[in-house]
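Undergrad: Using the sequences provided together with the hints, build the complete structure.
Order-wise, the sequence lines are chains Y and X. Under UniProt numbering, the residues of the first sequence are numbered 1 to 638, in order. Under UniProt numbering, the residues of the second sequence are numbered 1 to 638, in order.
Think of the hints as simulated: they come from the structure by calculation, not from any bench. Be aware that one or more of the hints could be misleading.
Heads up, the list lumps identical chains together, so a pair's fine if it works in one copy or across two of them.
[Claimed, not checked] No farther apart than 30 Å at their CA atoms in a straight line, the calculated lysine-lysine pairs in the BS3-like style are these: (1) Lys598 / Lys519; (2) Lys67 / Lys10; (3) Lys504 / Lys598; (4) Lys487 / Lys516; (5) Lys516 / Lys504; (6) Lys62 / Lys10; (7) Lys519 / Lys62; (8) Lys62 / Lys598; (9) Lys516 / Lys598; (10) Lys504 / Lys519; (11) Lys10 / Lys519.
If you're wondering where the values come from, they're calculated on a predicted model, not measured in any experiment.
Protein chains: 2
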Amino acid sequence: MTTLATAIQKSLDGRWAALRDEARTDLDPGRFAPPSEPLDLEGYRARIADQVQALAATGHPKRGFPKSMGGNGDLGGSVTAFELLGHADLSLMVKAGVHWGLFGGAVANLGTERHHTAYLPSIIDASLPGCFAMSETGHGSDVQSLGTTATYDPDTDELVVHTPDLRSRKDYIGGAARDGRMAAVFAQLVTGGESHGVHCVLVPIRDDSGATMPGVTIGDCGAKEGLPGVDNGRLTFDQVRVPRTNLLNRYGDIDEHGTYTSPIENQTRRFFTMLGTLVRGRISVAGGAGAATRSALTLAITYAGHRRQFAPPGGDDEVILLDYRVHQRKLLPALARSYALQFAQNELVSLMHDVQSAGDAADEHQQRELEARAAGIKAVATTHATTTIQTCREACGGAGYLAVNRLPALKADTDVFTTFEGDNTVLLQLVAKGLLTDYRDAFGDLDTFGMAKFGARQFAGAVIERTSARGLIQRLIDSAPGRDSEKGPTDRGWQLDLFEDREKHLLETLALRLRKAGKPGADLFAVFNESQDHVIEAARAHVDRVILESFVAGIDACEDPAAAQTLARVCDLYALSSIEADKGWFLEHGRITPARSKQVTAAVNDLCASLRPHAQELVDAFGIPREWLGTELLAPLA
Amino acid sequence: MTTLATAIQKSLDGRWAALRDEARTDLDPGRFAPPSEPLDLEGYRARIADQVQALAATGHPKRGFPKSMGGNGDLGGSVTAFELLGHADLSLMVKAGVHWGLFGGAVANLGTERHHTAYLPSIIDASLPGCFAMSETGHGSDVQSLGTTATYDPDTDELVVHTPDLRSRKDYIGGAARDGRMAAVFAQLVTGGESHGVHCVLVPIRDDSGATMPGVTIGDCGAKEGLPGVDNGRLTFDQVRVPRTNLLNRYGDIDEHGTYTSPIENQTRRFFTMLGTLVRGRISVAGGAGAATRSALTLAITYAGHRRQFAPPGGDDEVILLDYRVHQRKLLPALARSYALQFAQNELVSLMHDVQSAGDAADEHQQRELEARAAGIKAVATTHATTTIQTCREACGGAGYLAVNRLPALKADTDVFTTFEGDNTVLLQLVAKGLLTDYRDAFGDLDTFGMAKFGARQFAGAVIERTSARGLIQRLIDSAPGRDSEKGPTDRGWQLDLFEDREKHLLETLALRLRKAGKPGADLFAVFNESQDHVIEAARAHVDRVILESFVAGIDACEDPAAAQTLARVCDLYALSSIEADKGWFLEHGRITPARSKQVTAAVNDLCASLRPHAQELVDAFGIPREWLGTELLAPLA
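TA: Now the structure itself:
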């Protein structure tokens with residue numbers, strides 16, 4: 001690694017740099033890399049189950065649980081270590097995420113001391129493999145409408161968990177098909193004939209010998225596009241009885257007389273509060289997607305740096321792929337976006353750490369901001385992963401299609417990230433809803449718009465704030481030149497202003513459109529639906545701005561001048577390639593002139609050319625140990 | 001099927017409609033569908049090898065060879081039948097394409113009677129499984145620089161085939177790893193110490209017992225992202241001797257005295273003529289990509305037509321996915337593009353049939369047009385496949401990720417289509433080069449630009465003409481309203497004019513930029529490279545126009561008024577969503593006003609809504625037998 005690459009890595013590694021180094025050693029590929037030979041489904045699942053045990057032995061999973069529950073209480077470190085797993089086998093990452101993050105997270109965050117004492121020790125050491133049984137065959141995004149019921153039977157002081165129909169079958173449940181012993185089952189809680197909305201109940205699904213529990217039917221989702229080591233399955237419950245105390249009762253409880261109580265009166269608010277505690281899953285998926293994308297970029301850019309094709313006129317040496325403009329344009333703006341997302345992810349993890357470490361003292365406002373930002377970054381990071389890994393595969397031609405060169409698995413394994421832990425389209429709607437809640441104050445009567453009613457089910461009630469480094473961003477914007485100034489498009493204030501202005505315009509016009517829903521007799525669904533593309537556009541614009549601001553803050557925090565200078569150019573490439581990609585909007589709305597638009601394109605080309613000599617350093621700075629990526633792509637042919 | 005769907009299918013089925021019906025019966029999924037249970041690599045390869053034999057027995061492969069060579073001489077029918085195979089197992093499609101299309105095509109088109117007599121019967125009945133050994137580890141796109149040599153030894157009257165280094169190893173060769181007995185090997189032909197450029201030589205690689213021939217080393221590419229049933233491998237030749245007569249000698253021959261002769265003096269021209277005869281491979285890949293994309297759209301649109309999520313305000317029934325605007329926008333413009341591409345593909349196949357059926361009497365001009373159009377349609381159709389199948393997967397959420405629902409295999413199998421049979425980026429450059437050759441006449445001195453020299457190696461010398469239905473298109477353009485007329489964006493003349501105008505502008509400005517290369521001392525590579533993104537843009541604009549014109553011609557030929565009316569709206573959606581996707585360019589170049597740009601977006605939304613009730617009919621009209629797609633996605637849950 002060059003001095004420059006080392007300095008940039010320090011900047012990218014961020015707050016948990018020391019832990020990253022530790023994980024780089026602990027997660028060595030001898031133990032956690034994908035198999036070098038094809039395995040059948042059962043062989044792959046068995047391998048991953050063993051790796052989960054080995055991972056437990058490293059002690060890393062302890063970080064994700066508070067000290068009071070037998071953990072290390074390093075939540076940010078936990079998510080960061082998980083991110084590093086994204087360079088190992090992604091089946092392991094997801095399997096670990098389901099067990100410790102989702103199942104363990106449900107017990108820790110939705111349960112109370114009796115569950116913590118009874119289960120967390122064996123969850124932390126992975127001796128009680130668990131499942132997170134939320135999605136159903138008929139309900140994925142709309143969790144509030146789940147069909148599974150958990151009905152209290154006062155005669156036996158038990159909860160009866162039941163699957164009323166095929167649509168209510170638990171589906172795609174990681175760990176269900178082979179290894180899971182206990183499931184955190186999300187179900188409509190019913191006492192005395194009254195429903196209290198979705199709650200979570202612990203249901204044993206297999207006994208210690210691995211035999212399926214009575215009343216439980218387990219199906220196997222079989223082969224999937226990717227993640228072959230994750231044993232996704234289906235769970236059907238036929239009047240399965242569990243003790244009343246198996247209800248995870250932090251936000252809703254039943255006493256021994258069958259009376260339901262909750263610290264949160266409003267059912268919808270209770271539901272979103274419960275879901276909100278599970279935000280770490282989305283943040284973790286965004287992190288893992290980032291790691292996988294950086295693996296792919298490291299492979300494709302390293303390959304493009306030595307692979308040659310076609311001799312130029314008058315030359316004997318064939319041209320190196322990365323010297324072609326079109327090849328630069330395929331890979332370098334994607335690289336810049338990965339940098340931007342890494343800074344945004346670091347900031348998000350840091351925010352999560354601070355909010356969640358505060359426990360019950362956490363500020364609700366900050367909690368809402370965390371949820372919205374997690375949703376937005378997750379959506380953008382996973383879409384970026386799918387697009388970029390695809391580009392990397394194509395940039396490596398036939399070599400990129402061979403399993404031995406890792407890109408196929410990176411692609412197939414991460415593909416589901418765009419639709420699990422929240423479908424990206426639904427998540428972006430949630431982001432927009434949060435932003436509109438902010439605007440309500442300004443518009444007065446916005447709480448009457450139909451989205452509020454329809455959205456109550458489709459959207460969480462999140463609130464979004466301006467991101468950090470506010471003072472710096474404001475100074476840069478204030479010093480920005482006018483719209484058609486002589487200053488080129490690399491002026492940071494101009495870029496920031498443009499991103500912010502687009503978001504504001506989209507939100508304001510969206511809010512105006514949605515006011516129609518407030519009119520008497522308005523068709524609320526029609527009003528919402530006719531604005532739906534606008535909703536998504538506004539959310540994307542918001543997330544783009546948050547990401548840019550994170551990048552700017554990250555550069556500001558970088559102490560090495562040479563690294564900061566290079567990062568500034570990468571940031572230019574992120575900002576300008578984003579503007580170029582959306583130039584239709586900026587031109588349509590008179591935000592840039594045609595002349596400026598052409599300048600932006602020229603600047604993207606120039607930035608690609610000027611960063612090209614640093615391309616290898618920029619991927620080296622991701623700090624992915626070479627042996628983790630040991631493929632034929634990395635070295636030129638002898 | 002409704003009457004409307006039946007009428008539209010007739011239009012889409014085109015010239016080889018009868019054959020399509022026949023193939024729909026012959027290729028029944030009981031024999032040619034993907035396996036319902038996971039198979040290991042060897043099991044999958046064995047299955048596909050057996051299916052190839054079954055396919056031979058249907059007689060379809062005969063169509064691809066002239067009557068004079070023992071075939072049926074129905075070239076267009078052959079490519080159409082191959083396209084239908086794209087609905088079956090894509091491993092079978094590719095394996096069949098390699099054997100009959102590429103290997104058989106090389107023998108038929110590059111060989112002469114002695115090869116036809118000796119080999120074609122056993123190629124047609126698949127008793128001599130063959131490979132097409134063109135790509136090398138170090139040379140994929142740049143075929144002219146292949147490293148393998150075939151050196152004439154006058155002492156024994158033999159050709160000595162040799163792999164000088166690792167970069168020259170034949171790589172990714174379908175059929176090499178397991179089944180191939182003979183390979184059509186592309187190599188630099190050398191006689192008396194002089195090289196005559198790339199030629200093709202038949203080299204046995206396994207004997208009748210399946211044992212590897214002496215001097216040949218066979219490697220296995222192993223598992224790939226997709227196409228598990230295709231046994232891609234590597235071939236290394238250590239001074240392998242074959243009779244002189246194994247040279248496929250239609251365009252270059254060695255007599256018994258070792259003298260080289262060719263009907264084409266110029267080596268580069270000879271090379272491109274030889275490659276040109278192999279154009280059917282690209283057309284076939286475009287066709288297969290189209291079929292796979294239509295399968296995916298049928299699955300995703302059918303699913304979206306019954307899958308519900310989230311209840312609207314005041315309603316109990318949850319909303320059907322396809323009623324959401326964002327979901328319509330994901331699927332319906334892609335559907336419209338698939339329609340457009342199908343008409344363009346039909347036209348291309350028809351052109352190919354007429355040109356190639358003419359044999360040596362074929363017009364060279366038409367041959368060049370065919371090559372360029374094949375390159376362009378292949379690039380656009382395969383990129384569309386990758387993007388659209390991805391969208392379809394995501395639109396089906398978790399269900400789309402399950403292997404049993406077909407989308408994973410459709411995605412993985414077709415992914416390599418963007419980079420094999422010509423990398424799409426290289427193919428688009430070839431298209432642009434062909435267009436510029438046209439412009440040379442107008443600009444006079446364009447033959448001095450560096451691209452001509454650099455391009456001589458990178459580009460084939462293709463010439464492109466306006467597509468068919470010229471009179472009709474011209475009438476529509478002539479009657480188009482002015483740029484800011486009151487007529488809405490659905491005026492066909494306006495759309496055609498806009499597409500044509502963009503292409504013309506991009507080509508003219510490109511030609512001007514490239515003139516710099518003509519200056520003394522110009523850095524030819526730099527001039528080319530700095531225009532490379534412009535080159536690709538021009539080519540894409542050209543292909544978009546060709547596709548639109550094909551669609552317009554297809555509607556004109558449709559005899560059912562209701563079908564024609566629906567097709568016209570689908571065509572509007574194709575044209576307007578394409579304009580919307582590139583609105584940045586149109587606005588930047590003053591081709592549309594901001595107001596018109598917003599009208600286009602509104603029109604796309606309106607078209608999505610108005611076609612939504614016909615969505616199921618529009619996928620039914622693809623005529624894919626239901627049982628070929630038998631997955632859980634097709635029917636609502638009980």
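Undergrad: Look at each hint and say if it fits the structure.
TA: How the hints compare with the structure:
In the homo-oligomer, the alpha carbons of Lys598 and Lys519 lie at most 30 Å apart only across protomers (25 Å), although the nearest pairing inside one protomer, at 44 Å, exceeds that limit. With identical chains, the CA atoms of Lys67 and Lys10 are at most 30 Å apart within one copy only, with a shortest distance of 29 Å there and 70 Å across copies. In this assembly of identical chains, the alpha carbons of Lys504 and Lys598 lie at most 30 Å apart whether taken from the same copy (24 Å) or from different copies (19 Å). Taking the shortest alpha-carbon separations for Lys487 and Lys516, only the inter-copy value of 28 Å comes in at or below 30 Å, while the best intra-copy value is 42 Å.
Taking the closest pair of Cα atoms, Lys516 and Lys504 come within 30 Å of each other only inside a single copy of the chain (19 Å); across copies the shortest separation is 44 Å, beyond that limit. Within a single copy, Lys62 and Lys10 get their C-alpha atoms as close as 25 Å, which meets the 30 Å cut-off; across copies the closest is 64 Å, which misses it. Taking the shortest alpha-carbon separations for Lys519 and Lys62, neither the intra-copy value of 53 Å nor the inter-copy value of 68 Å comes in at or below 30 Å. For the homomeric pair Lys62 and Lys598, neither the shortest alpha-carbon distance inside one copy (53 Å) nor that between copies (54 Å) is at most 30 Å.
Taking identical chains as interchangeable, the C-alpha atoms of Lys516 and Lys598 lie at most 30 Å apart only when they sit on different chains, with a minimum of 20 Å there against 38 Å within one chain. In this assembly of identical chains, the alpha carbons of Lys504 and Lys519 lie at most 30 Å apart only when taken from the same copy (24 Å versus 49 Å across copies). Taking the shortest alpha-carbon separations for Lys10 and Lys519, neither the intra-copy value of 55 Å nor the inter-copy value of 48 Å comes in at or below 30 Å.
The structure does not agree with the numbered hints 7, 8, 11 stated previously, though it agrees with the rest.
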